[in-house]
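A.B. asks: Here is what each chain is made of, one letter per residue.
Number of protein chains: 4
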Amino acid sequence: MNQHVKASTMKRWTLKAIGRDNLDLRSAAVPAPGPAEILVKVSAVSLNYRDLLVIDEGLGFSPGSEPFVPASDAAGMVVATGGDVSRFKAGDRVISTFIPGWIDGSGFGTAREPNSLALGGAMQGVLSKYVLLDEDWAVKAPESLNDAEASTLPCAGLTAWTALVERGHIHAGQTVLVQGTGGVALFGLQLARAHGAEVFVVSGDDDKLARAKALGATYGINRKKEDWVEAVYHLTGDRGVDQILEIVGGAHLGQSLKAAAVSGRISLIGVLEGFDISGHFLPLALKRLTVDGIQVGHRSGLEGLVRAVDRTGLKPVIDAEYELADFPQALDHLARGPFGKIVVKMPG
Amino acid sequence: MNQHVKASTMKRWTLKAIGRDNLDLRSAAVPAPGPAEILVKVSAVSLNYRDLLVIDEGLGFSPGSEPFVPASDAAGMVVATGGDVSRFKAGDRVISTFIPGWIDGSGFGTAREPNSLALGGAMQGVLSKYVLLDEDWAVKAPESLNDAEASTLPCAGLTAWTALVERGHIHAGQTVLVQGTGGVALFGLQLARAHGAEVFVVSGDDDKLARAKALGATYGINRKKEDWVEAVYHLTGDRGVDQILEIVGGAHLGQSLKAAAVSGRISLIGVLEGFDISGHFLPLALKRLTVDGIQVGHRSGLEGLVRAVDRTGLKPVIDAEYELADFPQALDHLARGPFGKIVVKMPG
Amino acid sequence: MNQHVKASTMKRWTLKAIGRDNLDLRSAAVPAPGPAEILVKVSAVSLNYRDLLVIDEGLGFSPGSEPFVPASDAAGMVVATGGDVSRFKAGDRVISTFIPGWIDGSGFGTAREPNSLALGGAMQGVLSKYVLLDEDWAVKAPESLNDAEASTLPCAGLTAWTALVERGHIHAGQTVLVQGTGGVALFGLQLARAHGAEVFVVSGDDDKLARAKALGATYGINRKKEDWVEAVYHLTGDRGVDQILEIVGGAHLGQSLKAAAVSGRISLIGVLEGFDISGHFLPLALKRLTVDGIQVGHRSGLEGLVRAVDRTGLKPVIDAEYELADFPQALDHLARGPFGKIVVKMPG
Amino acid sequence: MNQHVKASTMKRWTLKAIGRDNLDLRSAAVPAPGPAEILVKVSAVSLNYRDLLVIDEGLGFSPGSEPFVPASDAAGMVVATGGDVSRFKAGDRVISTFIPGWIDGSGFGTAREPNSLALGGAMQGVLSKYVLLDEDWAVKAPESLNDAEASTLPCAGLTAWTALVERGHIHAGQTVLVQGTGGVALFGLQLARAHGAEVFVVSGDDDKLARAKALGATYGINRKKEDWVEAVYHLTGDRGVDQILEIVGGAHLGQSLKAAAVSGRISLIGVLEGFDISGHFLPLALKRLTVDGIQVGHRSGLEGLVRAVDRTGLKPVIDAEYELADFPQALDHLARGPFGKIVVKMPG
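Protein chains in written order, with the working numbering: chain A, 1 to 348; chain B, 349 to 696; chain C, 697 to 1044; chain D, 1045 to 1392.
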């Protein structure tokens, strides 16, 4: 074990019960790694809409004996390693994995009890100056990104990667539609562009559409000004789009079924409009569509994303960075709907 | 052109407007094949639930100048061929294809106008002593089946094949659940068994469950006597089932999402309980399920099914055969819910 | 039928027997389309190494009653259409398909008689001012390319597309290695780059390597100056490359087996060093490699390539254009090994 | 930790240098499991042709400080577990995995150093009354098999499963050809039959062909009496076979390329005729064949095979069982070419 840790205490946010009022920024002792663990000095934590659902509504929140720390996506440096650790050494830059221990293949859970294990939910989170991770729960950070950028990959980046690349086999000449301009949507936009696909962005905000086009979107559709499905028909000569990242959820799925091309694929990712999804049978059947449920992805996928980022020069879009003490303001920003990602920076 | 046709007139059922009262058994001239067409002397026509929807509710019904003939699935013998025909010769036993001209690949249609071309719907049907088919709209009948059995393959058989084999890559040791004991469900049962899978049948009728078990089903679940999803959990040790043929539709999809195993696949096929499908997001996402819309299948798939039938000895289940004049009684039987298929036999 | 043809005679190259001395530039009558045919006024014909094998060695050459015309890849304009034609109208810009009638799916042939049907080989070729094509044997030309560029897609472009995209599911972050800098190799380079992959080019010519790097290759390896497999190990930290376009053939396959990464894919395309391919079992088995035989590809793939070209702006690399009368000089250039493609332009 | 071990010493075969003369049956102390290990009381060990290559030719043999124990495939009972073990408890029936630690996905190794880790080769083997395994290196034994039968799954069974099911997506109506009647070939036969496929067996021994037909083979071809490729053409009407398990290796691959159907798949498994494989380019390219290198398979595949065995009732074919002391005689039988598997039984 290499020991680079000077500090003995650290700051972290904790949530003692559901509701934002129950958040506290506290001091705690810096923990020591077990035999298979690494101690990571965190420099950046990226937030996801799901963190709001955990804090405000208790989604998957399960407080244990230890004070609960929110958030799942950390970037930092390994500062100490347990005696059995072989994948990392002190000094390595790493990012965390969202679903701990899912290396590859089809993953955990049963029909009755689907997997809900994830950092910052059923398991302890990472909004902490130091975190312990099993050595299997991290991957090397991309060399081409700084820590704030790297912290955006474990959840939002990997979700778009799993949907479009691992399951969607996206290729040049395809058309991809993303809902909104949040973290997953913009990763979807950038990854689709990196594979030579055309991208349609649907949003209610002309300014965000303009920024999305500056990032490479081919078409922006303002859903408040026009029927977005009709706009898709018009822009594609009725052909529709090959892949859709469905981030709105609820009855909105029905619109995506209409917009999809024959043999199209819809990745179900978000639930902004509710968990009860619905739509009409006929477009789904007559166009032979596939609707795929996406739960972030496995570590092997994250390693693939890291390679892709390093080789293509893709830079994640960060709308704003907040100091650790300003986490509540970061949550407010998240609730308003950022353009891309919100990152919390750790104090040096 | 080889001419084996003795008759100059023939019987066929026609539908002049939506509603069963508008069915008539009429005489018509036996047509002559165009250059790329074959004339088929039909000996058996298999019925599908969709034929009820066409006749009773007008689903896809589009009357043209020619009197509309219902039904899509015919078996018979080629008796004459157009001058450019190369795939068949007089004397060949053939079955029709449900979606005419879909040879392979992803198929027809646009996002706005999904494919609705099918025999006995948007196109002329086959409930007729003789039918003309483009030579691309038929395949050789399996040698191991008689004509009544062979006539059940083009829609019900191919739908189950597409769902389980072409898209589902079913293999030994998997678990498959089928809803009910209609034509697609029993083909699903038999094809799953032919691939070494275990089959769960859900029905509200103990007698039908007993017959399904005699056909090879491992488990029968009476949905009127117990919660079928809980029964699946119990029988699988909570693991759930790998593939589901969802034939009920409507909100029932939500139940199938609960019953599916991690990485499971649900093939959306039927709409007995309605075209508005719905369910909860969480099992779909947290179990990384795939929901596939199935529209019967392509000709290449039907050829694969024919080979499979000949090599495995699979015998389609026919609940009853009706004489041509008794087509209305056959429809009544179909509406009551047969065990397997209903076939209409043509007069010699 | 729309008739835009003014001329009644046309020029074309014919081959009366194997051997370049048997090539003649002749006049012939402009043919009229049959019911399902289109008459194409050809403006550019792209050559392939295979054309040398046909002319010099008789590969697949089968002279019929009609004088044999070489070459397979044409771009031009539809000038007349048969009465049954529905896919094209006069005035459409089109390119030919290499394997006529292979629309999608697994294609033609038997174990004993593999498919050898192709334009300019077992079938009549296109080095002619006008050519007749079945309407199923052509696709719309990409709008973003001129005719000379468009003519390079049917064989070389589609071969690289089939290998990397249709069968290889190439994605960002992967590594691709191409042998040499001929037509297929440079399409492979450009398509890999369009999907965010890194490209290694192996050549014996530093000048060509420099030009390949200007086109986007990440690494150039001069096989005359160093062991290219060792160079791959060095450049990848021993990881190897994910996909290889094996264009050299013969015993060279054994080198590619060594250079491939775990779970890598080798597309067998070329036979510059002979038809008897060989290699060692252990790298193939212990790295779980896949070796795929590639025969150009189907029409559906060509349509996908056309969309990709139009949406990504990919410009095929043409080393030189020759006048029709200079076809023999074009063949000499082809034999020397061009950088990209050789195109023969038709007289206005 | 549950301790069911009474004995303090045990018998095991060791190999101190390459060559069968260097085998010794020795006593050793029963080891104690480390924190993540299980101690397995072995009741049956299945042999593979590869064990001959290790012992006689040193393939992958790497003696360490500990005396080397041959063989890779064990079935037995867990009798003690380390303190961190969660997958097993004392009393569980287990089988070993051939490649330790390969759970799922694409696996280990680099281009330069392909994976060679396997029990009984680069790593310690299992021909020992007790063996220590990392808890990740075992799976539950199938309930429907006795220990001798279960011991045949880890290498021979899984190899056939990986080739036909995981990578080959075998389905009903396909045709499969296996070379010979050894362990992998007969598993291939049985698994193909369990998926509704037709099986061709090629052997030089009429008696073995008769036994293969009794097991379900559709056709037996005596390669000493006829050209087996011509026989395949004849029996399939020139269509060829969809999948081939190529177990002979060397130049024999060229024959398999000829026998394969269009879009066929050849799984490279064996090297009876040598490690230098070769064949002709044209059938590979013109039939768009895939040649897949197979290295046994991952643990997730073995779990799938166990489920398939339990659900289909497949019984592995054991040609002979030998006592531990008769291991040399078992090797002789292996060298002569058994019909199915050879198993060594451990003393109670």
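If you are wondering where the hints come from, they were derived from the structure by calculation, not from laboratory data.
Any given hint could be a false lead.
[Unchecked claim] Below are the DSS-like pairs computed for lysine-lysine, each with C-alpha atoms no more than 30 Å apart in a straight line:
1. K663(B) / K561(B)
2. K1055(D) / K561(B)
3. K213(A) / K1041(C)
4. K1257(D) / K488(B)
5. K702(C) / K140(A)
6. K909(C) / K702(C)
Model, not experiment: these values are computed from the prediction.
A.B. asks: Now, for every hint given, state plainly whether the structure supports it.
C.D. replies: Status of each hint after checking the structure:
Pair hint K663(B) plus K561(B) holds up; C-alpha atoms about 15 Å apart against a cutoff of 30 Å. The suggested pairing of K1055(D) with K561(B) is violated, with an alpha-carbon distance near 49 Å, which exceeds 30 Å. Between the alpha carbons of K213(A) and K1041(C) the distance comes to roughly 39 Å, so the proposed pair goes past 30 Å and is violated. About 29 Å separates the Cα atoms of K1257(D) and K488(B), which keeps this hinted pair within 30 Å; it holds.
Note on K702(C) and K140(A): the hinted pairing is violated, with a Cα-Cα distance of about 67 Å set against a maximum of 30 Å. Using a Cα cut-off of 30 Å, the hinted pair K909(C) and K702(C) is violated, with the two alpha carbons roughly 46 Å apart.
Checked against the numbered hints above, the structure violates hints 2, 3, 5 and 6; every other hint is satisfied.
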